[in-house]
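There are 2 protein chains.
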Amino acid sequence: MPLPPYWLRDNCPCGECRDPRNGQKLFQITDLPEDLTIDERTEADGHLAVLWSDGHRSRYPLDWLAQEPSGDGRSEAGKRLWQAADFAAGIPEADWDAYLGDPVEQAAVLGAVLRSGFAVLRGVPPVEGQVLAVARTFGYVRETNYGELFDVRVEADPNNLAFTSAAIAPHSDNPYRDPVPTLQLLHCLDNSAVGGDSGLVDGFRAAAALREEAPEDFAVLTRTLVPFVFRDRGTELRADRPLIGLDALGRIREVRFNNRSIGTLRLPAAELDAFYAAYRRFAAITLRPELQLEFRLGPGDCLIFDNVRLLHARTAFEQNGSRHLQGCYADLDSLASAFAVLNRRIAALDTIAEYFEGEGAAEYLGEAVTMAGHMLQAGALAEAAGAPPHLVAAALLHDVGHFGGTGLDLMEGRDNRHSDAGADWLAQWFGPEVTGPVRLHVAAKRYLCTVEAGYRARLSEASEFTLQVQGGPMTDEQAAAFAALPGAADAVAVRRWDEEAKDADAATPGFGHFRPLLAALMG
Amino acid sequence: MPLPPYWLRDNCPCGECRDPRNGQKLFQITDLPEDLTIDERTEADGHLAVLWSDGHRSRYPLDWLAQEPSGDGRSEAGKRLWQAADFAAGIPEADWDAYLGDPVEQAAVLGAVLRSGFAVLRGVPPVEGQVLAVARTFGYVRETNYGELFDVRVEADPNNLAFTSAAIAPHSDNPYRDPVPTLQLLHCLDNSAVGGDSGLVDGFRAAAALREEAPEDFAVLTRTLVPFVFRDRGTELRADRPLIGLDALGRIREVRFNNRSIGTLRLPAAELDAFYAAYRRFAAITLRPELQLEFRLGPGDCLIFDNVRLLHARTAFEQNGSRHLQGCYADLDSLASAFAVLNRRIAALDTIAEYFEGEGAAEYLGEAVTMAGHMLQAGALAEAAGAPPHLVAAALLHDVGHFGGTGLDLMEGRDNRHSDAGADWLAQWFGPEVTGPVRLHVAAKRYLCTVEAGYRARLSEASEFTLQVQGGPMTDEQAAAFAALPGAADAVAVRRWDEEAKDADAATPGFGHFRPLLAALMG
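Chains as they are written, first to last, in numbering that gives the first Met the number 0: chain A, 0 to 522; chain B, 0 to 522.
Mixed in with the good hints there might be a few duds.
Given that identical chains are not distinguished, each listed pair holds provided it fits within a single copy or across any two copies.
For lysine to any residue, the following SDA-like pairs were computed, each having C-alpha atoms within a straight-line distance of at most 20 Å [stated by the list, open to error]:
{"#": "1", "residue 1": "Lys501", "residue 2": "Ala478"}
{"#": "2", "residue 1": "Lys501", "residue 2": "Thr263"}
{"#": "3", "residue 1": "Lys501", "residue 2": "Ala367"}
{"#": "4", "residue 1": "Lys24", "residue 2": "Ala386"}
{"#": "5", "residue 1": "Lys501", "residue 2": "Gln427"}
{"#": "6", "residue 1": "Lys24", "residue 2": "Leu35"}
{"#": "7", "residue 1": "Lys24", "residue 2": "Val49"}
{"#": "8", "residue 1": "Lys24", "residue 2": "Thr314"}
{"#": "9", "residue 1": "Lys24", "residue 2": "Leu64"}
{"#": "10", "residue 1": "Lys24", "residue 2": "Trp63"}
{"#": "11", "residue 1": "Lys24", "residue 2": "Ala132"}
{"#": "12", "residue 1": "Lys24", "residue 2": "Pro3"}
{"#": "13", "residue 1": "Lys24", "residue 2": "Leu286"}
{"#": "14", "residue 1": "Lys24", "residue 2": "Val228"}
{"#": "15", "residue 1": "Lys24", "residue 2": "Gly89"}
Worth flagging that the hints you see were computed from the coordinates, not collected in a lab. None of the values given here were measured: they were computed from a predicted structure.
Extracted from the complex, chain A is given alone in its bound form (with noise of 0.2 Å):
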């Protein structure tokens, strides 16, 4: 396998070349000297080690070399193209409710607007401002010369054809901007007129089929520059872009297609010409029956949907049938983001369930209970307890550090500093409301056994067995400065829950119970 020197180097993870805390790269790519090579190779633990010419050693994991390649997921190699019949079965959509409670429903809208280019959440209370709230559950809001959101109904004065009743033909919004806003949301408040319904068009799909139609139609609208502009009394917008955008590979990766902002081209007469043959033939494509999907926004909906590849459409409507959209833009990217970040506390949760399901089910540590059982008995008794959720939580999870295969490790007499390794391992995503605890809660019973009389001889035998291993009861000063410690009065309640949770007899409820409660903290 050839090994780029300078692209294996550029990769090297140790702690001299990233930064432990960020992951961020601490040199510059100037900083490796000319003719660098590899002096030698050798592979062992499933690792490729490298000493470099410069005396420098690197270690790689082998499956990160084995890795294949991925890409951003915004081109049309990330997008699942469709046509309306494709979603004859339904588009997608999700319950406002169930969307907030559960990463799985949310990953799977988010998912769909990145996949699909569009998703409609059901139920959001139609209030106004609403839409922002929407927005701020995946990113941030992209404010324009249209407010931080913006009013779609009809005006006395409109600066802009979506303020009027009038139909308007699919497009993208905003194309004078660059940036142009990626994202758009429109969340109905009420919609009693007749018509006003809407109608979504995959653009890429469309430039897809323009490709496939007539290839030299397709070259002529990625290579022209067109000029979209808006102008008002304050505004004064102009971004030259093409209909079609490519990325580096060729791949059509954005349209803009609004040609009520199209200002004028300035070519020679046969380039325009050619363009606007193009531009009418990929118009054409654009209202083709079979790619206008339709349906109707009702009070409470809100659509989201990716601006720079679905175009959008309205009907026209009656001016005296009420209809009042808000709408806001946002952009992809925090939206992807979240849908990453979302993966990750889903496969986490994946991950303590199969914990408790499977290895938890085993002996804990010589208790009349299994670790699984302990552990949902801590978070049941800080839950009848009326403890807020960082507490519930930290006491259902207080042992995870054990989990892994470490915990024989404490009864054969070896300290395996199971809280730190809980703690660190649930950092990755829970805050030091519930981290902290967790790692604190050995020193809390090291603690309770040095201030609170009677509290020792209520240890269970195994518990007064590790106590031991880990360091015997806190003297006065060690238990002193543990008082002081921001945490502590939360550390001492989850370890009484702790030493309570131990009743062969108790019936607790499954980890399922806890799951919403641990999803809403991971924040």
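Using the hints provided, position chain B relative to the given structure of chain A.
Only chain B this time, still in chain A's reference frame:
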């Protein structure tokens, strides 16, 4: 001159083809018939008249037809590429108060950011959050995972190298975002540390040097999609973009450069070797001393720079010194819009100034003062009365509709409707609080003649004559309707200053005295 028919028709300016209220096109390109041709074309009165094969008629100003191509100014074609020596006489900078008070100063700063990629405002109050106010003078703040604003100072557990005291080589920010924020602002609150100076490099200039010296390396960097990545507990961003982005015409349009956040490229080995050779060569160019513009930000300085063109750097600083910047992101499109609108306003102020100094120095409809003298007196009377700025402006500009050579009509007995003409013209830059009293100042005369005993008798001879042309005193019903208008009181106030302002001997300030007041009202 060949006239491509679809191009020409798409640009028809008639009221059927474009919404007169907002200038947006009212037809789709597919609405035009197949085989559209020009049946007749005639030139007269500076216009081209066209009769189309579908019967539509269009009329185009010849000077519109003759316009030269322009661009959006975002590629290298719209920039002034630089090296450090080009700023030996000083960097683009302005005083914050001057920037706020004078559109010419503000346009100079924004123009420098557009053309040279940066400017520094001095004397910006060094208080927390002020950087957001700076951004809002020309656009909208772009929120990111670093917050709406971010603090650049040493942090205990930084998620980014920026928040340490280490030196940082020239780079662009947030390359893992798409859309990437196109502007960055850095506002210095405190910089008493040793070191911590700022550096800028023109990334377009560096890229152009690479193209000149090593065209194949340049080509490699424009076609290699580089995965930029950032990950922490709540974030997982990735954007695959070339280091040097070209527009559809092959011009440099965007530079992304940040070694810290380049993830793992996955390409065939030969391509990785070629990429790393080109990347190292480009990185070395960005470090050339002649490209490093270095300066120090002191408290109250706010640097604004183009984040898709300029690379910014920082020297290391001593941790025991104190250094605190606040930054935020924004976008170039809004800044370019603000620049264009400012230039429109400056041109309008210049035009008004020319009226006052040229045409306005002429006889005023038989009065003893000139038109300019009359209007300046009216403005001065309003100011002396302590009127709010919008009324001073309305008094100053109330007769602006006489300009353009139509005043004579009125004296010949034809109503030139100068109040409407003036208000409509002013509405390009001023809000209704200014244009309203201008529009109603003739009606206010007719109103006062009806409701106020002795008012008519005090009119000047010329004003009595024009009263007749304008419809005479109002009926009682008309007067009641007028009095109920929201702007009636303002119009009456302006009218009284109007009547008073005919003193041939009054000393009045020149137009320049009122210019800042007008500039501030053009919001």
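A quick look at each hint next to the structure:
no., hint, result
1, Lys501 / Ala478, "neither (26 Å within a copy, 90 Å between copies)"
2, Lys501 / Thr263, "neither (78 Å within a copy, 48 Å between copies)"
3, Lys501 / Ala367, "within (7 Å within a copy, 105 Å between copies)"
4, Lys24 / Ala386, "neither (42 Å within a copy, 61 Å between copies)"
5, Lys501 / Gln427, "neither (28 Å within a copy, 78 Å between copies)"
6, Lys24 / Leu35, "within (18 Å within a copy, 60 Å between copies)"
7, Lys24 / Val49, "within (18 Å within a copy, 64 Å between copies)"
8, Lys24 / Thr314, "between (52 Å within a copy, 17 Å between copies)"
9, Lys24 / Leu64, "within (18 Å within a copy, 55 Å between copies)"
10, Lys24 / Trp63, "within (17 Å within a copy, 54 Å between copies)"
11, Lys24 / Ala132, "neither (36 Å within a copy, 33 Å between copies)"
12, Lys24 / Pro3, "within (19 Å within a copy, 55 Å between copies)"
13, Lys24 / Leu286, "between (49 Å within a copy, 18 Å between copies)"
14, Lys24 / Val228, "between (41 Å within a copy, 11 Å between copies)"
15, Lys24 / Gly89, "neither (46 Å within a copy, 34 Å between copies)"
Checked against the numbered hints above, the structure violates hints 1, 2, 4, 5, 11, 15; every other hint is satisfied.
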